[in-house]
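According to the UniProt record's numbering, the residues represented by the sequence shown are 1 to 597, in order.
Among these hints, one or two may not hold up.
Stated by the list, open to error - Mimicking BS3-like on lysine-lysine, the simulated pairs with C-alpha atoms at most 27 angstroms apart in a straight line are:
1) Lys-593 / Lys-562
2) Lys-584 / Lys-574
3) Lys-435 / Lys-320
4) Lys-46 / Lys-320
5) Lys-193 / Lys-173
6) Lys-123 / Lys-227
7) Lys-113 / Lys-123
8) Lys-477 / Lys-528
9) Lys-88 / Lys-31
10) Lys-143 / Lys-113
11) Lys-569 / Lys-593
12) Lys-172 / Lys-214
13) Lys-227 / Lys-241
14) Lys-574 / Lys-593
15) Lys-113 / Lys-173
16) Lys-143 / Lys-88
17) Lys-437 / Lys-425
18) Lys-569 / Lys-555
19) Lys-356 / Lys-257
20) Lys-123 / Lys-214
21) Lys-477 / Lys-555
22) Lys-584 / Lys-569
23) Lys-46 / Lys-356
24) Lys-113 / Lys-241
25) Lys-320 / Lys-229
26) Lys-30 / Lys-92
27) Lys-593 / Lys-46
28) Lys-227 / Lys-193
29) Lys-229 / Lys-123
30) Lys-88 / Lys-30
It is worth saying that the hints were derived from the structure and are not from the lab.
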Amino acid sequence: MSIRIPDEQVELIRRSADIVEVISDYVQLKKQGRQYIGLCPFHGEKSPSFSVSPDKQLYHCFGCGAGGNVFSFLMELEGLTFIESVRKLGTKLNIDLPEESSSLNSSDTPHEKMRSAHELAAKLFYHVLTLTEQGALGREYVKERGFTREQIEHFQIGFAPDRWDALTTILKKREFSLDLMVQAGLLGERESKDGYFDRFRNRLMFPIWDGQGKVIAFGGRTISDEKPKYLNSAETPIFHKGQTLYGLHLARPSIRKEGTVILFEGYVDVIAAWGAGFTNTIATLGTALTEEQAKIIRRNAETVLICYDSDQAGINAAFKSANILEQVGCMIKVADMPEGMDPDDYIRTYGADRFKSDVIGASLTFMSFKMRYMRRGRNLANEAERMRYIEEVLAEIATLPRAVERDHYLRQIADEFSLSLEALKQEQYQIFRSKRKENQFTPEQQKPITPRKTFETKKLLPAYQNAERFLLAHMMKDVEVADLVQERIGGEFNIDEHQAIAAYLFAYYGEGNESNPAQFIQSLRDDKLVRTATELAMLSVNEQYEEQELIDYMKQIETYPKRVQIQEKELEMKREQDPLQAAKLLMEINRMKQELY
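Using the sequences plus the hints, can you model the full thing?
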């Protein structure tokens with residue numbers, strides 16, 4: 001039998017949770033007046049249209065229409081049920097729910113079982129590395145690599161013993177389904193189908209977390225000559241490489257503070273950089289950066305500093321990643337890593353100070369990196385090669401949105417190759433005109449000549465619809481307004497959604513509840529009504545309203561059906577061929593108009 005969580009417990013959690021703090025774990029928010037704004041996590045965008053109100057404890061996206069309170073945010077973003085979102089926030093706030101509500105816990109679902117098993121495995125591996133004889137080889141290896149106790153503890157580094165059944169035995173004792181553990185990527189099944197074995201053995205183990213710090217996978221590095229050198233968990237129902245960034249939950253506070261994230265190729269680089277004092281660091285998981293990962297990064301930071309290996313593969317990957325990040329609206333910098341080194345090697349060889357000054361501090365703009373990238377392998381002493389290089393650079397310069405940037409790089413080319421600056425400007429402009437004519441600029445690229453700010457045109461709403469919207473906004477804020485409306489027009493709103501919200505609001509106040517938009521919206525169970533009610537609650541309305549203002553709104557609502565009837569009569573009169581009948585219709589129209597005033 002399903003036992004509900006008492007309303008007073010739900011309301012305690014809702015009032016105790018700061019919606020700005022909760023949403024900031026997922027979205028980089030900036031204060032703007034009384035609101036906070038950011039990029040909507042529910043749809044792709046470059047300009048922030050996602051607004052959070054700390055006063056109303058509500059959020060609303062003016063782009064896609066998503067909206068609600070702190071519970072609905074978690075439900076929509078993480079796919080949780082209402083009860084699961086309540087429990088998640090209750091745990092975060094250290095608010096204990098009644099024992100009888102435990103029957104609603106979702107810990108028995110396959111996905112939760114998989115997460116629990118990964119948490120157990122992480123604890124086992126950490127215990128083996130730090131406290132057991134089986135972890136001696138692992139401890140020797142981390143000592144050679146220079147990992148400190150603090151790094152091991154912060155990143156929960158562990159060691160999988162050189163046994164086939166270490167984790168299998170533990171999971172079996174804890175009564176986990178071993179078939180499910182195969183699906184979770186922790187175990188393998190023998191070809192003879194007569195048993196199971198540990199997938200990770202004799203490897204240094206790095207837990208991989210989701211954005212909220214739940215272990216969902218592992219990366220394992222061999223401490224011997226075994227191949228492959230790095231072994232990551234395969235894709236599972238709870239782990240998708242293209243949607244996961246290593247260390248994001250650990251780095252998020254620093255990223256939010258600095259507005260910049262440093263992106264590495266692997267978790268070892270992140271750990272080394274953290275030991276060198278860089279806490280705003282994340283990494284992809286041995287695969288190329290995906291658009292989904294780029295969007296996650298953009299929601300958390302505006303500037304991305306790419307710090308990949310300096311070999312050809314790393315440089316190519318940095319170039320591709322930079323283009324993807326630029327497409328989602330990030331400002332790009334690329335670290336100047338010396339040839340033949342990766343970040344971990346550099347830090348261990350030269351130390352934190354040199355890494356900060358000579359690598360991170362010497363980072364290139366994306367355009368400078370492009371210019372360096374395009375000249376690799378070219379013989380610029382050859383005239384034909386040199387001209388092709390200059391043409392390619394001019395084509396890239398033509399896409400830059402700011403005149404000062406274009407001028408800066410044109411001067412660099414002019415100085416390096418002893419060319420006329422004026423000639424380069426003319427050539428760059430011709431390239432720009434050609435690209436514009438052929439429509440080669442992407443929608444994300446602003447026109448490099450006289451950039452203009454674009455504004456989204458919004459459809460003007462009819463007077464009666466605006467009247468209903470503002471009246472409902474007042475009603476959610478003030479029970480006396482709701483009483484006045486109920487007495488005069490009841491639920492006679494012209495738009496179905498507004499009529500439904502009014503009906504629910506009258507019932508909400510009828511139960512003795514006080515004015516509280518967030519609490520009222522929480523009582524709604526229809527997603528469409530939640531979105532509409534949230535949008536209305538976020539409207540800016542006059543706190544010191546006059547009663548006449550409310551009466552005017554109600555009059556607009558009351559007279560709208562009559563106005564529609566008048567319009568229909570006027571059309572009928574225009575089509576009428578009989579003069580006498582047309583005169584009768586005109587008299588009726590005049591009478592109906594008089595009744596409006």
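*asked:* Under the constraints set out in the numbered hints, which ones does this structure not fulfil?
replied: Checked against the structure, the hints that fail are numbers 10, 16, 23 and 27, while the rest are satisfied.
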